[in-house]
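> Model the full structure from these sequences, guided by the hints.
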Amino acid sequence: MDSATLIFPHQLFETNPAVSSGRSIYLAEDPLFFGNDSHYPVKFHKHKLVLHRASMQAYTDELRAAGHAVNNIPHTNTYQSALPSGLKELHVTDPHDFILEKRLRAFAGERGIALHIHPTPAFLSPPEFLEEHIGKKKKPFMASFYQAQRKRMGILIEKDGSPTGGQWSFDEDNRKKLPKNYEPPAAPETKFNHYTETACNHIDEFFPENPGFSHDFRYPVTRADAREWLKVFIDERFEDFGAYEDAISTAHPFINHSVLTPMLNIGLLTPQEIIGAALAKKGIPLNSLEGFVRQIIGWREFMHGIYRHRGTEIRNMNFFNHTRPIPQSFYNATTGIPPIDRIIRQLDDEAYCHHIERLMILGNFMLLCRFDPDAVYKWFMELFIDAYDWVMVPNVYGMSQFADGGTFTTKPYISGSNYVLKMSDEKKGDWTDTWDALFWTFVADHQDLFLKNPRSSMMARTWQKFSKEKQECYRETADGFLDTL
Numbered sequence: 003m004d005s006a007t008l009i010f011p012h013q014l015f016e017t018n019p020a021v022s023s024g025r026s027i028y029l030a031e032d033p034l035f036f037g038n039d040s041h042y043p044v045k046f047h048k049h050k051l052v053l054h055r056a057s058m059q060a061y062t063d064e065l066r067a068a069g070h071a072v073n074n075i076p077h078t079n080t081y082q083s084a085l086p087s088g089l090k091e092l093h094v095t096d097p098h099d100f101i102l103e104k105r106l107r108a109f110a111g112e113r114g115i116a117l118h119i120h121p122t123p124a125f126l127s128p129p130e131f132l133e134e135h136i137g138k139k140k141k142p143f144m145a146s147f148y149q150a151q152r153k154r155m156g157i158l159i160e161k162d163g164s165p166t167g168g169q170w171s172f173d174e175d176n177r178k179k180l181p182k183n184y185e186p187p188a189a190p191e192t193k194f195n196h197y198t199e200t201a202c203n204h205i206d207e208f209f210p211e212n213p214g215f216s217h218d219f220r221y222p223v224t225r226a227d228a229r230e231w232l233k234v235f236i237d238e239r240f241e242d243f244g245a246y247e248d249a250i251s252t253a254h255p256f257i258n259h260s261v262l263t264p265m266l267n268i269g270l271l272t273p274q275e276i277i278g279a280a281l282a283k284k285g286i287p288l289n290s291l292e293g294f295v296r297q298i299i300g301w302r303e304f305m306h307g308i309y310r311h312r313g314t315e316i317r318n319m320n321f322f323n324h325t326r327p328i329p330q331s332f333y334n335a336t337t338g339i340p341p342i343d344r345i346i347r348q349l350d351d352e353a354y355c356h357h358i359e360r361l362m363i364l365g366n367f368m369l370l371c372r373f374d375p376d377a378v379y380k381w382f383m384e385l386f387i388d389a390y391d392w393v394m395v396p397n398v399y400g401m402s403q404f405a406d407g408g409t410f411t412t413k414p415y416i417s418g419s420n421y422v423l424k425m426s427d428e429k430k431g432d433w434t435d436t437w438d439a440l441f442w443t444f445v446a447d448h449q450d451l452f453l454k455n456p457r458s459s460m461m462a463r464t465w466q467k468f469s470k471e472k473q474e475c476y477r478e479t480a481d482g483f484l485d486t487l
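When you read off a place in the sequence shown, starting at 1, and then add 2, the result is the number in the working numbering.
Among the clues, some could well be false.
[Said to hold, decoys possible] BS3-like cross-link-like pairs, simulated, lysine-lysine; straight-line CA separation at most 27 angstroms:
(1) 153 to 139
(2) 161 to 283
(3) 153 to 283
Read the hints as simulated data drawn from the structure, not as lab findings. On a predicted model such as this, the values are computed, not experimentally measured, just so you know.
Printed below as a string of structure tokens:
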């Protein structure tokens with residue numbers, strides 16, 4: 003065999019650029035995606051493992067039905083061992099993963115194989131666009147990137163070049179708390195099929211100690227089911243998506259969110275078809291349409307660009323020099339902080355929570371607890387079904403933990419308990435005193451940083467106005483909680 007195609011678990015594209023008629027395909031359950039890698043051991047949530055195992059089996063059948071010869075490499079093996087000797091050419095779709103690409107290049111070099119890396123349909127932005135708007139920028143910002151992206155793609159742009167509706171972002175309209183007794187449409191769910199059933203049994207056998215319960219799995223693993231999931235979102239939840247995009251609910255984990263990333267990040271859906279479906283839907287309020295478009299062509303593409311151009315740099319940074327390990331209570335939901343424990347229980351059940359819960363509940367609180375950013379990265383990688391290196395490096399080290407010192411953000415994303423109470427139906431209690439104590443002592447310990455920024459200077463000045471007794475009370479409460487971790 004002279005030539006082969008190698009496909010990884012996150013590359014299940016309907017039209018895969020690395021696939022060619024007559025060329026054998028090797029579909030690899032690479033250990034990096036199953037957590038049993040010898041250099042990077044991780045206990046991934048069972049739902050993520052079920053998703054990979056089941057979707058790859060479905061993709062195998064899809065490829066074979068199209069006439070391709072497919073060989074499966076299980077997670078108990080590696081492609082380095084399984085690929086046949088004598089290969090002259092290996093075709094892969096861009097893995098958008100530093101370790102994966104490094105290993106591929108090393109393997110090809112050692113074997114004398116010509117490695118052909120094809121462009122990926124997983125993202126919308128051409129390399130030159132990312133270079134221009136991220137690589138060449140001293141400090142790139144999402145807002146300007148997003149505007150350039152809208153103009154480049156001609157999305158929500160008027161004939162004179164102005165944004166539809168007269169403004170680039172309707173974020174100010176997307177911060178409503180859920181009304182009392184609000185009932186969102188039913189949470190999305192896909193029925194079990196033979197792929198998921200077989201995968202659940204396999205994962206329970208090989209990964210019995212991993213987080214989560216395999217048979218609670220609800221996500222699509224076939225392309226047809228993924229497209230139906232997208233259609234249901236567009237038809238049932240898209241209209242109210244914008245208004246309650248930032249809302250937090252103790253009763254409704256998904257509210258009106260699309261929950262598309264599990265399928266999008268493995269190639270069952272592409273950003274092109276998601277954006278196409280969103281723009282084709284008539285009668286959607288502009289704040290919902292723009293807010294959703296911003297997530298797909300703005301934030302997602304921007305984070306991918308940050309990873310491409312700065313990922314290696316920022317993943318090795320620890321601006322605050324935080325070294326505290328994450329305790330077991332953040333895995334078994336016994337922190338004593340109701341919003342945190344509720345979301346951890348939800349993660350155990352669903353391997354998912356929405357972006358505000360990730361950034362302003364989990365990430366916010368972990369930063370206030372001064373956890374090691376490497377530990378935070380691993381925690382998110384383990385517990386989220388849609389977590390991959392390209393998305394978690396910029397989101398953890400940049401957005402949530404400010405470990406990079408602000409290479410693409412202006413200030414840490416932190417808040418006291420008031421934000422949580424304002425955006426959710428959580429009730430005030432002892433936990434709010436703990437949260438506020440952690441918040442104010444963090445502000446106190448980094449006053450110079452907050453005073454430099456007009457958007458955060460008020461927090462530092464507020465701390466300075468507190469009485470000595472109040473400051474000491476906050477210190478005592480914060481230290482008491484941290485000592486229990």
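> Next step is simple, just say for each hint if it's right about the structure.
Here is what the structure says about each hint:
1. Taken as a hint, the residue 153 and residue 139 pair is honoured in the structure, with Cα atoms around 18 angstroms apart against an allowance of 27 angstroms.
2. About 21 angstroms separates the Cα atoms of residue 161 and residue 283, which keeps this hinted pair within 27 angstroms; it holds.
3. With a CA separation close to 21 angstroms, the supplied pair residue 153 and residue 283 stays within the 27 angstroms bound.
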